[in-house]
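Here's the letter readout for the chains.
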Amino acid sequence: MSVLHTLARAEAVAAGRAVPAATVLHRRLSARPLVLVLLTTAGEAGAPLGALAGTDRDAPELLVVPQPLDRDLRFGFFAGLAGIVLPLLDACAERTETEPATRNREETELCADALQIVVPNAATVDYLRLVGRSTRFLRTAEDPDAPYPVPAPLPLLGRWLTHYAERARTPGSSLLVAMTDLLSRHWTTGQSALEDQHLGSLLGWIDPPPGLDGAAAAARAETGRTPDGLLVSPPAGPATDPRFDNRVLAPALTRYDAARAAGSGVAAAEAAVRRLVASQLRPVWDDVWHGLDLLRALPEGAHVEERWKRDRWSFTGHRDRVVAGEPPQPRRDDAIAAAQKLAGRETAQARLAAQEALDDPLALAARRLAGEAFTGVVRDVEMAFSDGRRPMPRPLVTLDTGDLPQAEPGARVYRAVPEARSAQPADLVSVEAAPGAPGVPDAADAAVNGCRITVRLTGGMGNGKAPREGSVPAPGDRVTFTLFEHDPRGGPALPDQEATPWTHGGPPGALAVPDAPDPVTAEDHL
Amino acid sequence: MTSRTTPVGPPPAGAAVFDPAAEAARATAAILDSTLHGTARGVVVDSPPGAGKSTLVVRAARELAAAGESLMIVAQTNAQVDDLADRLATADPELPIGRLHGTDSPPDPVLDRHPALAKSSAVADLRDRAVVLATAAKWAYVKDTEPWRHAIVDEAYQMRSDALLQVAGLFERALFVGDPGQLDPFSIVGAEQWAGLAYDPSASAVVTLLAHNPGLPQHRLPVSWRLPASAAPLVSRAFYPYTPFRSGTAPGERRLSFGVAGDGAGPDRVLDEAAESGWGLLELPARHTPRTDPEAVRAVAQVVRRLLDRGGVTYSGTDAGPVPLTADRIAVGTAHRDQAAAVRGALAALGVPTGAAGGVAVDTANRLQGREFDVTVVLHPLSGRPDATAFHLETGRLCVLASRHRHACIVVCRAGVAELLDEHPSSEPVQLGVTVKFPDGWEANHAVLAHLAEHRVAWRP
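As they're listed, the protein sequences go chains A and B. Residues 196 to 721 in our numbering are what the first sequence lists, from first letter to last. Residues 113 to 573 in our numbering are what the second sequence lists, from first letter to last.
Just so you know, the hints here were simulated from the structure itself, not pulled from any lab data. Wrong hints could be hidden among the right ones.
Unchecked claim - 30 angstroms max Cα-Cα, derived DSSO-like pairs, lysine-lysine:
(1) B:549 to B:231
(2) A:536 to A:504
(3) A:536 to B:255
(4) B:231 to B:165
(5) B:549 to A:536
(6) B:255 to B:231
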């Protein structure tokens, strides 16, 4: 946790409500996201109980499994979910635009938009990953050998959910986002990071209801109960409140079972279960939309569009794999795929950190405090030229800053120049404690008086002998240099799967054939 | 991680007379035999701190080159590559060496003194060289070239599995050398989804290598030439419980003394204790502090200042003459970069030079890895903390900090770390299929603390 973050938490406690942690919105919020709130059944791993889903906050679709242990009903639920999700995916997949050819790529089709899925919390993202894993290999009625065929769209839903959940692990991606993650990125509360995973309590800190401060609102969201003993703010899923399970849900399920056995009153019993599940889902649904309202009040960060385009590439790539009839994602990544994903995510993380700092002075402040960037006022610019046949401008810029960069002379630093396509590189020439109290050559003073820093600009000034207009700061300008690159690139390409070296088990060989469907086990026939 | 290592030769612990030179020579001979004449594609050598790993790499490189084999050497940082290239060229000035480097990172100018050493950023220019050295990151860009017959991978435990994946196609067989007790490689994003897979890209290269090739010969170097007799038993017991090693020097051979008597203040008393016993713990009153605890940082700086002011001299053996303890033979180790920066500031305030040009080396454990000093001053990673996170408990971090010295190690710490440890038992989730690493950081921290408690000097600044 950065010093700034600790300070913000302390301020939030003192103020009694959350303080902003960002001045802009760092993630894409689609105009029509699919909001998904899911509940599972206690004691049966991954068995869905109900869901509210939809793109219209006033008209969510309610899906309920009136007897969660019944596999047919469960697959019916997933089919219902597929009926909501797949048409939205198809709509995005069909609207494309053309990306012009570049040096490394031919002209390509790119989906103009991608479906964004918003869920209440990170646990729901994990649950969607589990649903994807458990449905993408299932066999449907189209397969004549399938002993227990499932409704046709299920495996396709599983593949898309797998893709979304996997993409959610890429830092800065917005295809599948958890509301608690979004809110805690943009506000700092007076509670711990663990407590911030409770959507109701997080919202309590950020936007407490009239008459309550953040801590009280959070406490009410966590533990407040209505006279009938149920939580005011039910858990945001996928786990349910045990007291709700025991006192209310279990008797209703029993009545439903009895009605089914008796063959009468099934519809009424099912409606009762649906009402109960809806009563737990609806407050969470409203909370998610409340969170969206709060976030939408922030202007979007400058680099968000670029990151969203990467999400669209990811979406388009998966669409193409599905259309091409490729098999579902394997159960486990092979060595090359795992290394590729890790490398891609590390690059994405570095890029995200850099872009957030460039987009948002608050994010930059944390980097400045950590000694990874410095902002100061230019004191002096001394023109100099490189040696060599064609001398190029290499001006020395001296600035005074209150920051303490943690770098040795010779380090490469970067400056964002307005209107320029890439960052301007410079070399750190010297870092000295600013002349403060006269006669005290005290480096500890640097913390008080700041430093005087000299850098030599080494690029971004055009090809002429004179630097391009506006590419060299003038005395009095306020400039920021960062020690991190602004557009970090990935490393070299990895070997092909067939060239997996002996140190990593050699080529996958037998595993290269697509995974067989999951074997049928005793648990499938409970 | 490598409790499966087979000891070479008779166990040193039980031997009546332990001849470190003979033991080390026996281990080296076995390693060279495996490398030059063995049939396995890989050989793994575990080396405790200061056990002559670089010497081994240089020796193996020369013997392979002498046998007419083409050899590439992979190290992890440019500094390590430059250091190895310099050692190799010094040991064998005739050997045609190639130093492959990135376009933006020219090698250390110190290499210019070796006429037989060629430098280039293109591997094609160096294909005729008997030995080519580069970082793993640079090797990863080398494609479409005839594989080398042999490779030596240095600091293999600090290399990530995915880095090995990128370079393993470049060689047919390899000698992997490294210290299993130091800091593990890390990733800036979560990699839990691959935990337990043999090729987990975030794991160490050696773990992946051995998971896929369990039969590879494993050797270890049995003698630490760096650590004095006062330090080797503790470091061995706390960090290498299943692969013990010994010090190359006997008790009393390494000495540290001061020309100026102590003034009775905390820093001087802890220096006297460290000169006497090889260890010193300067304990400040218990307190929760920010990471850059100003009192502790000042105490570290004062200890270093007094080390220099009191005219420290070191004796490396019974018949060795006194060598003055200079600033460049002292290191200060911290857990975080901001702590290192704060210590540098405090040292500058006391007029102590820091940095590469003959000053005190002040750095984090990650950056002190692989380096050697006469005396180290360590700001304890858990000092003043309200919690003990996995980062601060990491075994390798403490091991690096406690094993850089030839004479003495002084730890500056706030009281109450033992209680802090007891309040924070290791709670990392157990991952299926992951080899549990012994000892865990919690246990190692307790072992070191218990030992340091015997050399404790309590001081209220």
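Practice prompt. Would you check the hint for residue 549 of chain B and residue 231 of chain B, treating anything up to 30 angstroms between C-alpha atoms as holding?
Written response: Answer violated: residue 549 of chain B to residue 231 of chain B is near 40 angstroms, above 30 angstroms.
Worksheet item: Taking 30 angstroms as the top limit, are the C-alpha atoms of residue 536 of chain A and residue 255 of chain B close enough?
Response: holds, 21 angstroms
Worksheet item: Does the alpha-carbon distance linking residue 231 of chain B and residue 165 of chain B stay inside the 30 angstroms limit?
Response: holds, 24 angstroms
Worksheet item: Regarding the pair residue 536 of chain A and residue 504 of chain A, is the alpha-carbon distance no greater than 30 angstroms?
Response: At roughly 18 angstroms apart (the allowed maximum being 30 angstroms), residue 504 of chain A and residue 536 of chain A satisfy the hint.
Practice prompt. Quickly compare the C-alpha distance for residue 549 of chain B and residue 536 of chain A to 30 angstroms and report which way the hint goes.
Written response: holds, 26 angstroms
Worksheet item: Is the hinted pair residue 255 of chain B and residue 231 of chain B satisfied, with a Cα-Cα distance of at most 30 angstroms?
Response: Cα-Cα ~19 angstroms, so holds.
Of the numbered hints given earlier, the model fails hint 1 alone.
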